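Undergrad: Sequence:
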Amino acid sequence: MSRFTVHDLAATIDARAAAGGEASYTRKLLDKGAEHCAKKLGEEAVETVIAAVENDRDHLIAESADLVFHLLVLLKSRGVKLEDVEAALEKRTSMSGLEEKASRKRD
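Numbered per numbering that gives the first Met the number 0, the sequence shown spans residues 0 to 106.
Treat each hint with caution, since some may be false.
As the list claims (entries may be wrong) - Each pair of labels, with its calculated beta carbon distance range:
| hint | residue 1 | residue 2 | range |
| --- | --- | --- | --- |
| 1 | 22 | 102 | 43 to 51 angstroms |
| 2 | 80 | 30 | 18 to 26 angstroms |
| 3 | 21 | 98 | 13 to 21 angstroms |
| 4 | 4 | 61 | 15 to 23 angstroms |
| 5 | 85 | 45 | 20 to 28 angstroms |
| 6 | 21 | 100 | 23 to 31 angstroms |
| 7 | 78 | 24 | 31 to 39 angstroms |
| 8 | 94 | 31 | 32 to 40 angstroms |
| 9 | 83 | 14 | 17 to 25 angstroms |
| 10 | 63 | 33 | 19 to 27 angstroms |
| 11 | 49 | 18 | 18 to 26 angstroms |
Because the hints were derived from the structure by calculation, they are not lab data.
Only a predicted model underlies this, so the values are computations on that prediction, with no experimental measurement involved.
We put the CB at the ideal spot given by N, CA and C, even for glycine.
Please take these sequences and the hints and turn them into a complete structure.
TA: Rendered as structure tokens:
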């Protein structure tokens, strides 16, 4: 049995973005622009937090799936590839989380 991955989801988003048309929710999100995609991501983040606080496992799983989908759509809207995010994560694993956080530039 093959396993569905985040890369599979990113490929589906790419395909639906390229296909266009009224039948694609992904295309509709992208057509509304990055700001709209960011707002949708924020809404899904809040819903994910609520599901976690309520300790509702099934709801948390469903909202987490929505959150990951909307994150990938937002990245697509800004021309950022999943591989770019993975590269940033890989750099961070070369040191402890506390060291990595301390190494970031302060505003």
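Undergrad: Confirm or reject each hint.
TA: Here's how the hints hold up against the structure:
1. 22 with 102: 43 to 51 angstroms: holds (46 angstroms)
2. 80 with 30: 18 to 26 angstroms: holds (20 angstroms)
3. 21 with 98: 13 to 21 angstroms: violated (49 angstroms)
4. 4 with 61: 15 to 23 angstroms: holds (18 angstroms)
5. 85 with 45: 20 to 28 angstroms: holds (26 angstroms)
6. 21 with 100: 23 to 31 angstroms: violated (44 angstroms)
7. 78 with 24: 31 to 39 angstroms: violated (20 angstroms)
8. 94 with 31: 32 to 40 angstroms: About 39 angstroms separates the Cβ atoms of residue 94 and residue 31, which means 32 to 40 angstroms holds.
9. 83 with 14: 17 to 25 angstroms: holds (19 angstroms)
10. 63 with 33: 19 to 27 angstroms: holds (22 angstroms)
11. 49 with 18: 18 to 26 angstroms: violated (33 angstroms)
In summary, the numbered hints that this structure violates are 3, 6, 7 and 11.
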